[in-house]
Amino acid sequence: MFENIIGQPSAVQTLAGELRAGTFPCSVLLYGPPFSGKLSVALEIARVLTCHREAEWACGCPSCRKQRLLVHPNTVLMGFRYFELEIAACADTLRRNPRTASQYLFIRAVRKLTRRFDPQLWEGEDSRIRTLQPLLAEVEERLDSVLPAADGGTGLSGKKLEAQLDKLQELAGKLASGLSTETIPINQIRRAAAWLHMTALNAPASGSGSARKVVILENADRMHDASSNSLLKLLEEPPRDVHLILITTRRGSLIPTVRSRLRPYLFVERSREADREVLKRIFHEEGEDYQSLREYFLYWNDVNPQILRSLAQRFVRAVLGEAMEGASPSPLPGGAGVAQVPEARKILEELIDAASSRYDRLRKDRSFVSSFFEELLRQLHLLLRQGGMSPFRLDRWNRAIREQLVSFESFNQQPALTLESLYYTLRGLE
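Taken in order, the sequence shown gives residues 0 to 429; the numbers are from numbering that gives the first Met the number 0.
Hints were generated in silico from the structure; no laboratory data involved. The model shown is predicted, which means the values in this text are computed figures rather than measured ones. Just to be clear, a hint being listed does not mean it is correct.
Quick list of the computed label-pair ranges, beta carbon to beta carbon [said to hold, decoys possible]:
(1) Gly251 / Trp56: 44 to 50 Å
(2) Arg127 / Glu276: 17 to 23 Å
(3) Asn228 / Gln385: 27 to 33 Å
(4) Gly157 / Gly386: 52 to 58 Å
(5) Leu383 / Arg98: 17 to 23 Å
(6) Gly427 / Asp301: 29 to 35 Å
(7) Arg398 / Asn300: 51 to 57 Å
(8) Gly16 / Ala193: 30 to 36 Å
(9) Arg98 / Asp224: 24 to 30 Å
(10) Tyr298 / Lys166: 19 to 25 Å
(11) Asp301 / Lys173: 16 to 22 Å
Heads up, the beta-carbon is just placed ideally off N, CA and C, and yes, glycines get one too.
Start from the sequences and build out the full structure, keeping to the hints where you can.
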C-alpha cells in the first residue's frame, strides 16, 4: 500500500502500520502544504479499508477495482479543489503518453469532480441537480471510451482521443461551475451524516471491508460555524464502520472542538528532488522546466511563478519599508531599502489590476489572489531564515495574512478590497 506516494515517508509509514494492525482511527486529519499528496493518500486509505482481501498494492478484488476508478459506492468525496487545472494537466499527460497509467490518471481526475455530485449529497435539491444530470451522464459515457482495455475501454488514440479529451474538459468546466468554491455547505454535511447512519443500519457484520464507509472531506477548513458544528455531531457519535478523513492546508483554521476529535497526520513540503520525481513518474515531465508541483500547476493556471514571486517580494519590501519609515531596513530577498509611498502604491495597483482581470475572466476561479497569499507566506518564512524578520513579527503577519485569506475565500470578498485591506493591515502591525 502507498506505493504511489512520493516524498512522504513518515506519514506513509505511520498510516501503513496502523492499517495493517487494525488500529487506524475512525476520524483523522491529513494536513500540510498544497500538492503534498494528501488526497492521493486519503484515496489509498479508502481502498485499503474497503478491500475484500489483504489490501496488497495490485489487489484485483472488485472493491479495489472500483476504488481505482473512483466508482466505489461506499466512498464519498466532498469539498472543492483545483478540478479544472488537474483535469487539464492529466489530459495533457494522456495525450503525450497514451498508456494505461495515464488513462487511470485522467479518469480519476475527472471523477474527483463528478463524485462531488453523488445523489446522497444532493437529496432535496432535485431542481438543481436535474440541470446537471445530462452533463454527468455525458461525462460518464465519454469516460467509457477512455477506460483501459482491461476495464472495457475502446482504446481510442490519435484525433479521436484528442476530441474526446477536449470535450471532457469542456464538460468538466461546466460541472465545476455548479460547485461552491468558498464553503462546504451545511446541507451536504447533514446529508452525508444521514447517509452514513442509514447505511450503517443495513451494513453486514462489523469488520468486513464491504461494511466500511469512507467520507473524504477536502479543504475542510472552508466551513462556516454551522457546518463545523454539524460535522462535530458526527465526529462525537460516528456510526460503526465509518471513517472520516479530513484534509486541509490550514490546520489552525479548523475550530478546536473539531480538531481535538481528529488524529492528525502531518504532510511535509516535498523536496525539489521528490517533486521532480512526481512530475516524471506521474505527469511524464522529463525536463527541468518546473521546479516543483506548485510551479507546474501555477503555469497551468496561467500564472508565472517568477512574476508572482517578484510581486510578493516587492509587496513585502514596500510594507516593511513604510511600516518602518525612518528606521533601518531589514535585509530582503533581491536587495532592500526603505520603500517609498509611490512604489508601494504602484505595486498595489499592479496586484489589483492582475487580480481583477483574472476575476472577470475566470469568474469564480480567483486563484490568483490565493496563490499570491501563499507566495507571501513563503517569502516571509524565507525572510525569517535569512534573519530579515523576527519570529514575533512573522507570527503576527502570518495570522493577519491567513485571516484576510479566510475572509476572501469564505465571504466572497472582492480581490481589490482584499489586497488593499491586507496592505494596510500589515503596515499597521509592529
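Satisfaction of the hinted span 30 to 36 Å by the C-beta atoms belonging to glycine 16 and alanine 193: The hinted range 30 to 36 Å holds for glycine 16 and alanine 193, with Cβ atoms some 33 Å apart.
With 29 to 35 Å as the target window, see if glycine 427 and aspartate 301 comply at their CB atoms. holds, 33 Å
Range first: 16 to 22 Å. Now tell me if the beta carbons of aspartate 301 and lysine 173 are that far apart. For lysine 173 against aspartate 301, whose Cβ atoms are near 20 Å apart, the range 16 to 22 Å holds.
Outcome for the supplied range 17 to 23 Å, where the beta carbon pair is leucine 383 and arginine 98: violated, 44 Å
If I claimed the Cβ atoms of arginine 398 and asparagine 300 lie 51 to 57 Å apart, would that claim hold in this structure? Distance hint for arginine 398, asparagine 300 is violated at roughly 27 Å.
Is the gap between the beta carbons of asparagine 228 and glutamine 385 within 27 to 33 Å? violated, 42 Å
CB-CB spacing for aspartate 224 and arginine 98 relative to the 24 to 30 Å hint: violated, 47 Å
A range of 19 to 25 Å was offered for this pair. Does it hold for the Cβ distance of tyrosine 298 and lysine 166? Roughly 24 Å apart at Cβ, these two residues keep to the hinted range, so it holds.
Does the Cβ pair glycine 251, tryptophan 56 satisfy 44 to 50 Å? violated, 35 Å
For arginine 127 and glutamate 276, compare the CB-CB distance with the range 17 to 23 Å and indicate the outcome. At roughly 42 Å between Cβ atoms, glutamate 276 and arginine 127 fall outside 17 to 23 Å, so the hint is violated.
Per the hint of 52 to 58 Å, is the separation of the Cβ atoms of glycine 157 and glycine 386 within bounds? Holds - the Cβ-Cβ distance for glycine 157 and glycine 386, about 57 Å, lies within 52 to 58 Å.
Consistency note: the structure conflicts with the earlier hints numbered 1, 2, 3, 5, 7, 9.
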